[in-house]
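J.: Numbering (my numbering), first residue to last: 222 to 701.
Source of the hints: derived by calculation from the structure; they are not laboratory data. Warning: the hint list may mix true and false statements.
[Said to hold, decoys possible] Pair ranges (Cβ atoms, derived):
1. S383 / N284: 51 to 57 Å
2. A533 / R386: 35 to 41 Å
3. K466 / K371: 27 to 33 Å
4. K535 / E224: 30 to 36 Å
5. S362 / N389: 35 to 41 Å
6. Y416 / G530: 35 to 41 Å
7. N539 / N437: 39 to 45 Å
8. S383 / T625: 38 to 44 Å
[Stated by the list, open to error] With a straight-line cut-off of 20 Å between C-alpha atoms, the simulated SDA-like cross-links for lysine to any residue are:
9. K228 / I464
10. K384 / S400
11. K333 / S315
12. K398 / D463
13. K396 / M412
14. K633 / T475
15. K291 / K502
16. K371 / I356
17. K396 / K502
18. K502 / A473
19. K427 / H451
20. K446 / T475
21. K291 / N275
22. K377 / K502
23. K502 / G530
By construction, the Cβ of each residue, glycine as well, lies at the ideal position given by its N, Cα and C atoms.
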Amino acid sequence: MRERELKDVRLVLIHSANIRIKYKNKNKHINKLKGYFNYIDKNKYINKLKRHFNHIEWNEKHNYAMQFDKFQDRLFKDTINPEDVIKLKLGSFSFHIEYPNYENKSEYNKSKNYKVEVFAFIYPSYDIVNVFYSIPIQDISVDELIFVRKVIQYDKVEVKLSKARLLNNVLAERKYKVSNITNEIFKIFIMTSGYRKYKLRYIISKLKAFKFYFNNNIYLDDTVKNINTHKMMMNEIRYINDIEKYDINSEAFTSTYAQRLYGLLVCDEGYKFVPKQSALKALDKCFSSRTFFRVFCSNNGVLEINLVGSLANKDYNNSQQKIYMELGDSDAYDTTIETDYAGLKNGSLLALEKATMLHVIIDSNMKKDYFNSKKSVRKIISNRKNMIEIINIVTSISISEMATLTDIIMEKIGIYKYVERVRERLDIAEDDTIIVYQKWNNRLMLILTILGLFIALMSIDEIKTSIKGILEFLRNMAMS
């Protein structure tokens, strides 16, 4: 049997979707991209969701919400107002992966039942719903962890559920792909969104195809397929066998673990055959502000080595607690608290969530026909303004001491390349806008010239007669 060298692993899959939550708006003229959002009666909205989720929890004082709020406030001050977010625990389930040819199968299967907590963070101001799957894992090999990630993030195989406490139609003792469960969750948020255009667009598309029937299941399936989504994996490793002999920020550590780290980072089961130099190049940009943790990024997720039980971490905690006791610095105490969720304590999860959201927001807007020359000048200018506001969101998201980590994640995921594409479109749109404006202006000048020539050729009496005729025509129209 392969050595289970990874003793404590936490995974969080983030699946972000562009879903508009639209209820009574206190101010219809507020632009949602500036951080304001449609007013939502949270209790009423949660009650609607409770009809679909068996064991939904919502309370700002719940442990999970307090953990996220604490580190959000400490690490990313002034980015997103906590009042602009609804944090829900949707439920939980367990799943089992069958390995038909694995040695010691009975022993392995008995020990490998993965428990999953499911959360949803709703950002009405950005038209975003994030679904989180949090999965703690003990005693697993590198090969197994890569496969588990493939199952969760890429639907490699169906998994058998047990102890399902989530949706009415997601049942235990059945097999599902994880994305099927996510789609069922997104369908519920679409049904409860209060945004009527989802259904209207579907009906119009059917009418155009001369199909005059409405099927709710097909409507939801089609809508989920058409919304923009993106998913990323947060992978935190808290203990590795024989790790004590290395400084994890040293070249010796990186060289020894390069191929394994590469495999875990990019989800490549063939990592053993990747040239070490290629693996090292993929790991070159990383982040570390402590001696016991280090963060690597790729275009499909983040890998954090966070040695919570190491001697260096214990020394750090003792030092921070001493500062707290002597000076009363609550930040020093907060840094000693371990969290239940991958990457939360050191900010990796929060930075990855924001990058995933931005990926969806930008992608959704890049696909819009914002700069069609057939649109009015006013509409084109309005659309350009929206695109500029998206750039402002991206450039304002890197805050405080987390700027370096956030920048690395943004670059690796490709957010900054997206921004360049937006800017390119803005430059093209500016040229198009000038052309459209010139066409409009030329037509106006032509009309005024013809009108001026017509008036010049007319006598004063003829002008009076024409004006009287127009006024008489308008009076008759008003009386009819």
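J.: Please go over all the hints and tell whether each is borne out by the structure.
T.: Quick rundown of the hints versus the structure:
1. S383 / N284: 51 to 57 Å: 24 Å, violated
2. A533 / R386: 35 to 41 Å: Given range 35 to 41 Å: holds, Cβ gap about 39 Å.
3. K466 / K371: 27 to 33 Å: 31 Å, holds
4. K535 / E224: 30 to 36 Å: With Cβ atoms ~26 Å apart, the hint is violated.
5. S362 / N389: 35 to 41 Å: For N389 against S362, whose Cβ atoms are near 37 Å apart, the range 35 to 41 Å holds.
6. Y416 / G530: 35 to 41 Å: 47 Å, violated
7. N539 / N437: 39 to 45 Å: With Cβ atoms ~59 Å apart, the hint is violated.
8. S383 / T625: 38 to 44 Å: For T625 against S383, whose Cβ atoms are near 42 Å apart, the range 38 to 44 Å holds.
9. K228 / I464: 11 Å, holds
10. K384 / S400: 18 Å, holds
11. K333 / S315: 10 Å, holds
12. K398 / D463: Answer violated: K398 to D463 is near 35 Å, above 20 Å.
13. K396 / M412: Given that 20 Å is the threshold and the Cα spacing comes to 25 Å, the pair is violated.
14. K633 / T475: 19 Å, holds
15. K291 / K502: Cα-Cα ~35 Å, so violated.
16. K371 / I356: 14 Å, holds
17. K396 / K502: 39 Å, violated
18. K502 / A473: 15 Å, holds
19. K427 / H451: 27 Å, violated
20. K446 / T475: Violated, at about 41 Å.
21. K291 / N275: 28 Å, violated
22. K377 / K502: Violated. K377 to K502 sits at ~27 Å, over the 20 Å cutoff.
23. K502 / G530: 29 Å, violated
In this structure, the earlier hints numbered 1, 4, 6, 7, 12, 13, 15, 17, 19, 20, 21, 22, 23 are contradicted, and the remaining ones agree with it.
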